[in-house]
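Number of protein chains: 4
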Amino acid sequence: MKMENEYFLTGKIHEECGVFGVYHVSSAASLSYFGLHALQHRGQEAAGIATSDGKQITCIKGKGLITEVFNNETINKMDGIHAIGHVRYSTDGGNEIENVQPIMVRAHTGHFGAVHNGQIVNASELKEDLENQGSIFQGSSDSEIMLHLIQREAGTFVEKIMGACRKMEGAFAFIIMTKDCMYAVRDKNGLRPLSLAFLEDGYCISSETCAFDIVGAKFIRDIEPGEVVRIASDGVKSFHYTQEVQHKMCAMEYIYFARPDSSIEGINVHTSRRHAGMLLAQSDDVEADIVIGVPDSSLSAAIGYSEASGLPYEIGLIKNRYVGRTFIQPTQQQRERGVRMKLSAISSIVSGKRVVMVDDSIVRGTTSRRIVQLLKDAGATEVHVRIASAPFSSPCFYGVDTSTYEELISARMGVDELCTYINADTLKFMTIEQMREAIPTRDLCVSCFSGQYPTALFSFQKVIKKK
Amino acid sequence: MKMENEYFLTGKIHEECGVFGVYHVSSAASLSYFGLHALQHRGQEAAGIATSDGKQITCIKGKGLITEVFNNETINKMDGIHAIGHVRYSTDGGNEIENVQPIMVRAHTGHFGAVHNGQIVNASELKEDLENQGSIFQGSSDSEIMLHLIQREAGTFVEKIMGACRKMEGAFAFIIMTKDCMYAVRDKNGLRPLSLAFLEDGYCISSETCAFDIVGAKFIRDIEPGEVVRIASDGVKSFHYTQEVQHKMCAMEYIYFARPDSSIEGINVHTSRRHAGMLLAQSDDVEADIVIGVPDSSLSAAIGYSEASGLPYEIGLIKNRYVGRTFIQPTQQQRERGVRMKLSAISSIVSGKRVVMVDDSIVRGTTSRRIVQLLKDAGATEVHVRIASAPFSSPCFYGVDTSTYEELISARMGVDELCTYINADTLKFMTIEQMREAIPTRDLCVSCFSGQYPTALFSFQKVIKKK
Amino acid sequence: MKMENEYFLTGKIHEECGVFGVYHVSSAASLSYFGLHALQHRGQEAAGIATSDGKQITCIKGKGLITEVFNNETINKMDGIHAIGHVRYSTDGGNEIENVQPIMVRAHTGHFGAVHNGQIVNASELKEDLENQGSIFQGSSDSEIMLHLIQREAGTFVEKIMGACRKMEGAFAFIIMTKDCMYAVRDKNGLRPLSLAFLEDGYCISSETCAFDIVGAKFIRDIEPGEVVRIASDGVKSFHYTQEVQHKMCAMEYIYFARPDSSIEGINVHTSRRHAGMLLAQSDDVEADIVIGVPDSSLSAAIGYSEASGLPYEIGLIKNRYVGRTFIQPTQQQRERGVRMKLSAISSIVSGKRVVMVDDSIVRGTTSRRIVQLLKDAGATEVHVRIASAPFSSPCFYGVDTSTYEELISARMGVDELCTYINADTLKFMTIEQMREAIPTRDLCVSCFSGQYPTALFSFQKVIKKK
Amino acid sequence: MKMENEYFLTGKIHEECGVFGVYHVSSAASLSYFGLHALQHRGQEAAGIATSDGKQITCIKGKGLITEVFNNETINKMDGIHAIGHVRYSTDGGNEIENVQPIMVRAHTGHFGAVHNGQIVNASELKEDLENQGSIFQGSSDSEIMLHLIQREAGTFVEKIMGACRKMEGAFAFIIMTKDCMYAVRDKNGLRPLSLAFLEDGYCISSETCAFDIVGAKFIRDIEPGEVVRIASDGVKSFHYTQEVQHKMCAMEYIYFARPDSSIEGINVHTSRRHAGMLLAQSDDVEADIVIGVPDSSLSAAIGYSEASGLPYEIGLIKNRYVGRTFIQPTQQQRERGVRMKLSAISSIVSGKRVVMVDDSIVRGTTSRRIVQLLKDAGATEVHVRIASAPFSSPCFYGVDTSTYEELISARMGVDELCTYINADTLKFMTIEQMREAIPTRDLCVSCFSGQYPTALFSFQKVIKKK
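From first to last, the protein sequence lines stand for chains A, B, C and D. Positions in the first sequence are counted from 1; adding 1350 to them yields the working numbering. Positions in the second sequence are counted from 1; adding 1350 to them yields the working numbering. Positions in the third sequence are counted from 1; adding 1350 to them yields the working numbering. Positions in the fourth sequence are counted from 1; adding 1350 to them yields the working numbering.
Fair warning: there could be bad hints in the mix.
Treat identical chains as interchangeable: a pair holds within one or across any two.
[What the hints assert, rightly or not] Pairs of lysine-lysine, DSSO-like flavour, derived with a Cα cap of 27 angstroms: (1) LYS1529 - LYS1427; (2) LYS1816 - LYS1405; (3) LYS1692 - LYS1405; (4) LYS1812 - LYS1405; (5) LYS1812 - LYS1517.
No lab work stands behind these hints: they were computed from the structure. Because the structure is a prediction, the values reported are computed rather than measured.
The shape of chain A in the complex, shown without the other chains (with noise of 0.2 angstroms):
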């Protein structure tokens, strides 16, 4: 649950983006607002909606925060009783006004829009593809990538986006929305979320299933790796364009994108952060005094630590609540006086105590190695650094936004290394196996820790071999 400017602030990897759909609700705009507001954690820097009547499409999309983007006067002009919205966090180089989403095909057989979260990987030879066959590209995202592939595609409209599916590698989960139908879509290695639930006397989907609880819906299930759901007036059917699926979710939905109060596919995060935690403390012997978290994600972990280990939890780090993209930055003179606006250390509590410091993860090393001094200038006598993770040394290319080698430390230095680059006393990492036990779903992605990838990588194989 991260602020725009975060990576910068705390070197975190961000989540690349959470779609939301609902049909035939009341209100139907409001409610996507609700709900894109519950998935906010997963993109802050645009959001849309696109809403229907049956008739009509409406899109309403910008940059900003969902409460940005909206207020009262827009979200009422949005007349409909079907909606799917998005909210998105870009890379740098992506960052325009055509690929903010939804995406609309205004089209004289009717129009269409779809929203997305992943990375598909053969995204470039697909468009390639496209070009040469005379179609235009507007922006770089992938839903325009789908979009086209539909429009391409013959028969009927469910066909079409089956069709469409199996041209597509990667990580999806789509839903997509014609004036008076609905469709979500997930890629066949189940790598991205996506859930189903009943709202009023229709339907609700979502990236997590914490956007069913702000809205007051009812989970059903999860939809299905390789599946189109297709919701219309006839009710909801199910497709599925192929039969080789795998259960490859995310791990890293788990140990950090997700809230915890989401559960994906039936495991709760913060149980499964909890258990992490715990096994941590098992393989553990460490003596110390004290067991924090550093906020909010591995907060859980330390929990579950604390409770396994038999050591007090507590509060040593606050994190200052109202940071917004907008935020003036200390000058480095200041940085090095001591100026921190993010991130505090309660003197009291760490001072001159043993302190466990549990992370969700290391990515860059320059955050963990910034928390570790705060704790020692406030007077910890030792830190020790558990992470309820296995090492981060790999690239993600299915829509975590880490696409090379370079920034991941863990893929330059061994852990002895990086704990004294960290500055901690000790460091453990948790692993593979360890998270596997954590996390007891069907089968997880774990390329970013093992290097061990689900899908063919197309293009992406060069930074595979570059290394």
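Chain A is already provided as a structure; the job is to place chains B, C and D on it using the hints.
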């Protein structure tokens, strides 16, 4: 740590301001920005900074968060080595721009200005008296009264301030700035906090010590009740305007207002809350499965309760971080259908569990009722509410926004009745004695729990009588 | 020269865009900003600029005036020596962000983009055809069609453009930019203006020559009907995609749209209006005391009328300069009581006078009626309305926002009836022959006066038939 | 009628405010909005409205145009049947929010507030005296002084106002509002305009009569010099606070500030300007081809010149209507290459012509020089500058922003030298006698032309002496 409209969302009470000052530092404006940012939880409706370059005073202020009122351009415009700043919460009737602080006096003998936290109980009497002598008031803030009193006193500037202080009854912490001096002032009962620190080659003054940590200042000491501290080019000097002093620090600062990483009169806020939670548990014999806290202010007490009771501490409630001022509210119908924006219960944690829910206080009771319902909807079999303070049964006239008995549910209901009202299985409060044990400072103001006020109440006396 | 909501205030028609481009100049973005600022009267609802530094294209666009979409920060971000820009007026149904221009194609073979003024009359036919071949359309702008056509043509880039042009029927002036080339294109009937100039060591292209003056460019020549001008590092080259050309410049450009300081096809706009006023006077024998014009577009004609008639020219109507987009409107009751925001009559000028009121055109008649009333309320004894063009009796399909007969009062009423309707004492129009005399260009499109359209109308034909 | 940054663009002087009030009308806030909108040319930097519903006063104010400070929501919030409002131009040192008007006094005996146009010349003396008696000043506006004086006077409210007026020397037009009364006040020399009108069942007060036309009010009469008009539920009553009155209406109101459709002391502004142009022509024998005016304020004089001289009136200069506050400025290099934002010359009009260019006044000379150059660049063979007023050679201390001799070019140069400086072929001014002839009111203040001031100057005297 609350956003503007939280009162309506949660029924919580509000602090009415934070003050901050720096003397003889480089980039005084941006350090004030960072300092006020750390105090943002004390007021989100308006903010302002006045700087002095030793010759001239510049003041910029406006409505909104500190990050909304200031940006790089405005901060850079404000040259100066001294600065005072303010964050403000305001009651409905006082939201005019005239009340936003700092309030400046542009006098032919030299400009000066002030920021204020607290409430002067003889404000109307003083104001009427001053008006009868020819003064005019543009706003309704107590700072304006202070400035008028200073102007009419005789002697050196510090003598004028001391004369003014002797006339004011109630709770106040002022920082006053002339073009080359700064004055920190506390009321004789010590009701509102104010502390002094070293910063670079100069000094820093703040309502809470958490702001010192953020700007890299080193705590020196608290300003004393009845003291005026004068900071000038010849150093720091202390003046006492009265000998009749008490140490009646507001108990609610520890219980609810202050940030957990602040220390007030040498006692860390988080530690006192944790202690309160332990005391609550020690006098409790409820049978339960887990302990949860209402985020954010009750987490410390919940941890303490968990530790003392041996019941596992859990994250059962999640707070949405992106709720802001411009937030669209669910309609009544949506609310009834379960649309909830602010807090979510984690069903997989609380379902089937007997839950001890720790909260810091109950004001109107509506929020507690809503949260209990949230937990029961999420499957909690029992909800035992434990409040880490005594029943809030009397209005506060010292800067907390609860000025009538009507809005205080504990003024109207006993504990059993209130337990039924909020639909809890059991409900327990602390005693005032336990509170004093948890907060071992010299003395506390517990008037909102006891109805015993440390000062005369002047025109507010009629509120008491009306009861 | 009109603000956004003027149509509703004055019943005037709207032009639908201005285009501007610079090639090989320093600070291309800020020169485009200045140029578009000079064209702001052609569209106030959205604006955008795309720049190229020879390697990469950057595009920023949004809703509002050019001064609202861009500021120093955004302009400075846009490096580049080439640029194209657009100001847009949009009809109600086309106000989506997808229609704001420039529209960019991000292709693996190189990015390119376009800006457009005009209206393609076979747009639906082309769009349907392209969709059937697999293209998708995100917006409803004609630029998007052009870009699709280009993409599907074969040959060099200029050949692709020429191929695309041959398929489009209607009115168009395009500027197309690749990373290192620029193309200026006009339709074969020459319905919309587009001119070329020298600027610094490079070139400048604009809808109107007034923009040349503002950026210091030196006029070279108009782009020819049916011509594609290619500007590249090897200089300017001309291509003609067809020989079947006409010179049907839109008469309304002279009468109403263009700025008086622009010259179109060598004829200054102010001079042609003045000439029209003189012709109006020469065929008139009304007895009156003064001549006034309706600001701003009719002042030139009023001066011409005054000169030819010998009647004194007076300032009888004042226009409020501060009416803007966010303007609060008077209620109906306030309007009836005489609350007027936009135009005021100077009573001391018109009181007791027989007034000749010169206006450029009558579209709905409501504005004329309101202004006549304004003058009579201010004491004018007679109001003789003289229109510096013929009756506007047929819809325009070439880029002017009047697409039905219903909204054109001259399609429903004769001159006498209209005179009664607007409550004038007498009413006279020009003849089409007089208009041609006032605007001595090679040929004019006068279809909105004559109902004779210079192109096939495709699906718009049914509007004509419905009449 | 100028935008904020016009001074820097054109070298023109600034008026310092417009005031407006309505008493006993429906929707007082929106009528004030419309009225202030008509007065916007008198100040574009800040605006405010205070309303009273007979019991309570509400005040909203801020920086920017009236359309920027208010929107439908804020206007609708302001219940009330009485209102006063203000538009403000401010000098650099006085741009603080404390100076934005109305300024309210919140007194235990009843709230009241004031708006002001003018300048009190003994302001520092009064302020120092008041401060010595214990008053504090938050801003530097003269309204605040007036409010302090009122507070300290004895008697009924109207007696307090009259007492205050007797103490103030200089130029002032105040509107003062209590919860149920309104007071209109002018200084004893009548330097600033203020008029009274009927509106609905109540009354309207305005700096200029053009605002009456816009809200549908019917002019009654001007407030007299030395008069206090009290409007209350028992009707309108007149009070005279002194018998030593003069009628020294500011000549610059006619020449430059006021809107042409306003009438001041019974004389229409446009008519007086036209008359001035005629007088200029009658004493002129220049041989020329055309007459042009510098838009907007000099068009009336140019028309008069044309009529009296027989030379044709032409539109030779066009002003861009979209220049606003946030406008990006051309760089020096761009400026040298001919980038011009504000004014354009129509080459086809002026090329090869001997031009008489009529302007209202010359302050710094830089603008005139720039415009002459513009015309010569556009091909004018001769430019004869005719100024419709006498040389502006002395500073104004009565509300016009020219407070030093240094900035007035006519204080330093004779006509011949100035003619050379602005690069005109010939240059002529009017005489003061001609100005009086053109503006046949009882008497005028022409101190900025004559150096003879109608009041004592107090501390401003030193400016005169320094010369």
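The hints, checked one at a time:
no.: 1; hint: LYS1529 - LYS1427; in the structure: within (17 angstroms within a copy, 39 angstroms between copies)
no.: 2; hint: LYS1816 - LYS1405; in the structure: between (51 angstroms within a copy, 25 angstroms between copies)
no.: 3; hint: LYS1692 - LYS1405; in the structure: neither (47 angstroms within a copy, 34 angstroms between copies)
no.: 4; hint: LYS1812 - LYS1405; in the structure: between (46 angstroms within a copy, 24 angstroms between copies)
no.: 5; hint: LYS1812 - LYS1517; in the structure: within (21 angstroms within a copy, 42 angstroms between copies)
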